[in-house]
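Student: The residues making up each chain are set out below.
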Amino acid sequence: MPVIFSFDVINTQIISGVFRTKSASDAITVDWGDGSATQNFAGTSNQAYSKDYGTAGNRTVTISAADESVLTRFIMNQTGANITFDLADLPSGLAYFTCYGSNTVTGNLADLPVGVANFECGGSNTVTGNLSSLPIGLTYFICRGANTISQYSGKTWTTKPATFDLRSIYPGGLPSADIDQLINDLNDDLAWAAENVITLTGSNAPPTSESSAAIANIRSEGATVTVSTTIPRVSLCKITATQANFFGTGKVVGDYITAGTQTLSTNNKVQQVLEPSTSGVKIVSSESGTTQKWTNIESGFAFNEASYSVRVDKKRPV
Amino acid sequence: MIQLVGALMAASKLRQSTILFDDTITDLRISASDGTALLDNCAAISGFGNGRSWITITDSAGKKLEGYIKLKGTGEVLEDEIGGIS
Numbered sequence: 129m130p131v132i133f134s135f136d137v138i139n140t141q142i143i144s145g146v147f148r149t150k151s152a153s154d155a156i157t158v159d160w161g162d163g164s165a166t167q168n169f170a171g172t173s174n175q176a177y178s179k180d181y182g183t184a185g186n187r188t189v190t191i192s193a194a195d196e197s198v199l200t201r202f203i204m205n206q207t208g209a210n211i212t213f214d215l216a217d218l219p220s221g222l223a224y225f226t227c228y229g230s231n232t233v234t235g236n237l238a239d240l241p242v243g244v245a246n247f248e249c250g251g252s253n254t255v256t257g258n259l260s261s262l263p264i265g266l267t268y269f270i271c272r273g274a275n276t277i278s279q280y281s282g283k284t285w286t287t288k289p290a291t292f293d294l295r296s297i298y299p300g301g302l303p304s305a306d307i308d309q310l311i312n313d314l315n316d317d318l319a320w321a322a323e324n325v326i327t328l329t330g331s332n333a334p335p336t337s338e339s340s341a342a343i344a345n346i347r348s349e350g351a352t353v354t355v356s357t358t359i360p361r362v363s364l365c366k367i368t369a370t371q372a373n374f375f376g377t378g379k380v381v382g383d384y385i386t387a388g389t390q391t392l393s394t395n396n397k398v399q400q401v402l403e404p405s406t407s408g409v410k411i412v413s414s415e416s417g418t419t420q421k422w423t424n425i426e427s428g429f430a431f432n433e434a435s436y437s438v439r440v441d442k443k444r445p446v
Numbered sequence: 084m085i086q087l088v089g090a091l092m093a094a095s096k097l098r099q100s101t102i103l104f105d106d107t108i109t110d111l112r113i114s115a116s117d118g119t120a121l122l123d124n125c126a127a128i129s130g131f132g133n134g135r136s137w138i139t140i141t142d143s144a145g146k147k148l149e150g151y152i153k154l155k156g157t158g159e160v161l162e163d164e165i166g167g168i169s
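Just so you know, the protein sequences line up as chains A and B, in that order. Under the numbering used here, think of the first position of the first sequence as 129, with each following residue one higher. Under the numbering used here, think of the first position of the second sequence as 84, with each following residue one higher.
Just chain A, with the same shape it has in the complex (with noise of 0.2 Å):
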């Protein structure tokens, strides 16, 4: 029989997961890579599979069948489990695939096999692509880890993702008007209702006023949106929660920034500086007005360098 899936097991003790296959008597052959006796697995409901190696290490593990439609289902959730295989690697049949653990799977969301209807990927996964490629038929869709999918480019959908939650890491993420398209696409495209969820935060960008009818749209059919936001736009922040040095600026929780176009997200949170301390002032726009706002702001001027040049003259020269 052919091999229809491989994938590496990396420094790791304990695979364990799920198989499931066309009929009862389509089987799959595993060999765990160590020498050990193969396994058969066939069966329509979940057919469990755990392999302890005893010890941790690097095997490949092969997957032989009659054809690549004999594997329908693949779940490797064994906490702390390295795995890793391309996604281009599946076999075509594949209907259903999660993958959590510590795995570093990779590859594109096109080389999905087309009939995925379940997606789900997290550990330190390094899934980039776009999303218009997901398979047409796709109901639920997690993607998580250190995936930097970062593209939409419009679809018709004509399956509904009730599950739909991507969260990115920088550089990866949506821009703000690839976002606002995904939301308005699922919005025209299909009904939302009660216990559906909508993700879209880590490092995608916040959707604009271009898409807010649309998410009080979904809301109102019951679905939850969540989605990014970003800080006020040259505003001072105190950092209050940050993944690693605050999208690579150095900065870390404490620590104070003036907003430019950071995504704020589950990960990285701030509070914006409303007063001034004891050693601190209000700028205003007039002389002895009450508008607080800076008189002039000069295009270009760099905010968060480390020191600038103060003058402080009695009036206005002239």
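Derived by calculation from the structure, the hints in this document are not laboratory data. Careful, some of the hints might be misleading.
What the hints assert, rightly or not - Covered by chain A, per the in silico footprint, the following chain B stretches (three or more residues, Cβ under 8 Å):
(1) 104 to 116
(2) 148 to 158
What the hints assert, rightly or not - Derived pair list, reagent style DSSO-like, types lysine-lysine, alpha-carbon separation capped at 27 Å:
(3) B/146 / A/443
(4) A/379 / B/146
(5) B/155 / A/442
(6) A/366 / B/146
(7) B/147 / A/442
(8) B/155 / A/366
(9) A/379 / A/366
(10) A/397 / A/421
Stated by the list, open to error - Simulated DEER-style distance windows between Cβ atoms:
(11) A/185 / B/126: 58 to 64 Å
(12) B/101 / A/378: 48 to 54 Å
(13) B/160 / A/344: 28 to 34 Å
Just so we're clear, the structure is a prediction, and the values are computed from it rather than from any experiment. Just so you know, even glycine gets a beta-carbon here, dropped at the ideal spot from N, CA and C.
For chain A, the structure is supplied; the task is to place chain B on it using the hints.
Tutor: Relative to chain A, chain B alone:
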């Protein structure tokens, strides 16, 4: 000629006398959003808040931020934490 030099020196002294502060400040915190324009971590200039003092902040490229210092701060006030859910 002597009169001209003298006049220039006098003008220079007059100009200098209008300067309350002229130095580098490190770790200056700047808010430039309308409604919350402020500076912090700048104790050296916090006493100049009278609504008339003019401040000029210059970055490393020579770009400027200018306005009037209104009031000394009375204690940091932070908005509720934002991020994650909108």
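Student: None of the hints should be skipped; say for each whether it holds.
Tutor: Cross-check of the supplied hints:
Only residues whose beta carbon comes within less than 8 Å of a beta carbon in chain A count, and the segment 104 to 116 of chain B has 13; three or more means the coverage holds. Beta-carbon proximity to chain A at under 8 Å applies to 11 residues in the segment 148 to 158 of chain B; the threshold of 3 is reached and the given coverage holds. Only pairs whose Cα atoms come within 27 Å are accepted, and residue 146 of chain B paired with residue 443 of chain A is accepted, the gap being roughly 20 Å. This hinted pair checks out: residue 379 of chain A and residue 146 of chain B have alpha carbons roughly 24 Å apart, not beyond 27 Å.
Between residue 155 of chain B and residue 442 of chain A the alpha-carbon distance is near 15 Å, which keeps this suggested pair within the 27 Å criterion. Our distance criterion of 27 Å between C-alpha atoms is met by residue 366 of chain A and residue 146 of chain B, whose separation comes to about 25 Å. As the CA atoms of residue 147 of chain B and residue 442 of chain A are separated by approximately 18 Å, the hinted pair is consistent with the 27 Å bound. This hinted pair checks out: residue 155 of chain B and residue 366 of chain A have alpha carbons roughly 20 Å apart, not beyond 27 Å.
Of the supplied pair hints, the one linking residue 379 of chain A and residue 366 of chain A holds, its CA atoms being roughly 10 Å apart against a limit of 27 Å. With a C-alpha separation of about 25 Å, the suggested pair residue 397 of chain A and residue 421 of chain A falls inside the 27 Å cut-off, and the hint holds. Evaluation of the 58 to 64 Å hint for residue 185 of chain A and residue 126 of chain B yields a pass: the beta carbon distance comes to about 59 Å. A hinted range of 48 to 54 Å is violated for the C-beta pair residue 101 of chain B and residue 378 of chain A, which are about 38 Å apart.
Between residue 160 of chain B and residue 344 of chain A the C-beta distance comes to about 31 Å, which sits within the given range of 28 to 34 Å.
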